[in-house]
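Take the sequence shown: its letters are residues 1 to 352, numbered as in the UniProt record's numbering.
FYI, nobody ran anything at the bench for these hints, they're computed from the structure.
Backbone N, C-alpha and C define an ideal beta-carbon position, used for all residues, glycine too.
Each hint should be verified, as a subset may be incorrect.
Have a look at the derived ranges for each label pair, beta carbon to beta carbon [claimed, not checked]:
#: 1; residue 1: Glu238; residue 2: Arg338; range: 18 to 26 Å
#: 2; residue 1: Gln350; residue 2: His132; range: 38 to 46 Å
#: 3; residue 1: Ala177; residue 2: Ala300; range: 45 to 53 Å
#: 4; residue 1: Thr227; residue 2: Asp91; range: 51 to 59 Å
#: 5; residue 1: Thr90; residue 2: Thr227; range: 52 to 60 Å
#: 6; residue 1: Ala220; residue 2: Ser280; range: 20 to 28 Å
#: 7; residue 1: Ala220; residue 2: Glu305; range: 29 to 37 Å
#: 8; residue 1: Ala349; residue 2: Ala87; range: 55 to 63 Å
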Amino acid sequence: MRAVLRELALRIVLAIAATSVVVAALVSWTIVELRGGPYAEARTPLWLLILIVLGGALVVVAVVAPIVRSLADRTAETVADPLRRLAHRTDEMASGGFALDPQTRPGRVVLPEPWRAGIREIDAVAREIDRHHSTFAKALVSERSFAADASHQLRTPLAALLLRLEEIAQSQDAADARAEAEIAIGQVERLTGVVDELLRRTRAGHATGGALSAVDQVLAGLDEEWTPSFTEQGRSIELTCERGIIVDASASALSQVLNTLVENALVHGDGRVEVHVARSGPSAVFRVTDQGRGIPPHLARTIFERAVTTGEGTGLGLAVARETAETIGGRLELVQVRPPVFALYLPLAQTP
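Can you make the complete structure from the sequences, with help from the hints?
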C-alpha cells in the first residue's frame with residue numbers, strides 16, 4: 001500500500017514538474033515577445049528573466065515533492081493500519097477465537113464487538129465478515145453443544161442397558177433372563193427415542209411434533225428403570241400421579257427430563273426420592289424432591305447454566321433438561337433449595 005501511494009506521489013511530482021517547465025516556457029516566450037514590442041527598452045536582461053522563471057519552477061518542485069510524499073505516507077498508514085487490523089480480526093475469527101472464548105460458559109455464542117475503521121469501503125468489508133462470522137460461530141457452538149448434549153443424554157440409558165445385559169449374561173434362569181431381556185428391549189426403544197428427539201431438536205428446534213403422552217405410562221417406565229439402582233444403594237423412589245393426566249409432549253422428551261432429575265437426586269441427593277404429578281390449571285406439574293442437603297444458595301440462580309454443578313459432574317444435565325423442557329412447550333424451575341424441589345410444568349393435552 002505504501003509503495004503504491006509513493007509511486008502515485010512520484011507521478012504527481014513529475015506531472016507538477018512537467019507543468020512547471022511548460023509554464024516556464026510559455027512565460028519565457030511571452031517575455032521574448034514583449035521585449036520585441038513596446039517593452040523592448042526593459043532593463044532586465046532576458047536570460048535573467050528566464051533563469052528566474054526556471055528557478056521558481058524548481059523551487060515549486062522542491063517544496064511540493066516532500067509534501068506530496070509525506071501526504072502519501074500518511075494516507076498509506078491511514079489505509080494500511082485498518083487493513084492490518086481487519087486482517088488480524090479475520091484471522092482470529094477464522095480460527096474460532098471469538099466463538100470459543102475460554103472465559104465464556106460452554107454453549108454460549110461469543111461475538112466480537114462491532115469494529116469500524118471510518119473508511120466506507122473497509123467498513124463494508126468488516127460488516128460482511130462479521131455477518132459470516134456470526135453464522136459460523138452459531139453453527140460451531142450449536143455443533144459442539146449438540147455433541148455434549150448427545151453424549152450426556154445417551155450415557156445413562158447406555159449404562160442401564162449394559163447393566164441389564166450383564167444380568168442376562170449371568171442369569172441361570174431362563175425366565176429371569178427373558179424378563180431382563182424384555183426390560184432391555186424397552187430400554188433400547190427409549191434409547192432410540194432419545195436419539196430421535198435429539199435429531200428433531202437439531203433439525204426443527206422443537207421436540208414435540210404434536211405428540212401426546214400418558215403420564216402414568218411414563219412414570220411406570222421411570223419406576224422400572226430406576227428402582228433397581230435405588231435399591232442397590234439402600235434407598236427408595238416413590239412415584240405418585242393423579243389419574244388420567246395426558247400432556248402435550250412426547251414421551252421420549254418427558255422421560256429425558258425426568259430421568260435427569262431422578263439421576264441427579266440419586267447421585268447428589270440422599271434418602272427417599274419422590275416424584276409427584278398433579279394438575280394445576282392448564283398445566284401438569286411434576287415435582288421431584290429428595291431428602292438431601294439441597295442446592296447451595298450461591299448456585300441457586302445459575303444451577304441451570306452449563307458447566308455449573310454442585311459436585312464432580314459435567315454441569316450439563318440440568319441445562320439440557322431445561323432446554324428440552326422448553327422445546328416441548330414447558331419450563332423447568334428450582335422452586336426450593338433445601339430440601340431440593342424441582343418443578344416441571346407442561347401443558348395438558350386439549351380434550352376434544
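Evaluated hints:
1. Distance hint for Glu238 and Arg338: a CB-CB separation of about 20 Å, consistent with the stated range 18 to 26 Å.
2. For Gln350 and His132, the hinted distance range of 38 to 46 Å is satisfied, since their beta carbons lie about 43 Å from each other.
3. Between Ala177 and Ala300 the beta carbons are some 46 Å apart, a value that agrees with the proposed interval 45 to 53 Å.
4. The given range of 51 to 59 Å is respected by Thr227 and Asp91, whose C-beta atoms sit roughly 56 Å from each other.
5. Between Thr90 and Thr227, the C-beta spacing of about 57 Å keeps the proposed range 52 to 60 Å intact.
6. The hinted window of 20 to 28 Å between Ala220 and Ser280 holds, with their beta carbons roughly 22 Å apart.
7. One distance hint, 29 to 37 Å for the beta-carbon pair Ala220 and Glu305, holds here, with the actual separation near 32 Å.
8. A hinted range of 55 to 63 Å for the beta carbons of Ala349 and Ala87 is consistent with their spacing of about 57 Å.
The earlier numbered hints are all upheld by this structure, with none contradicted.
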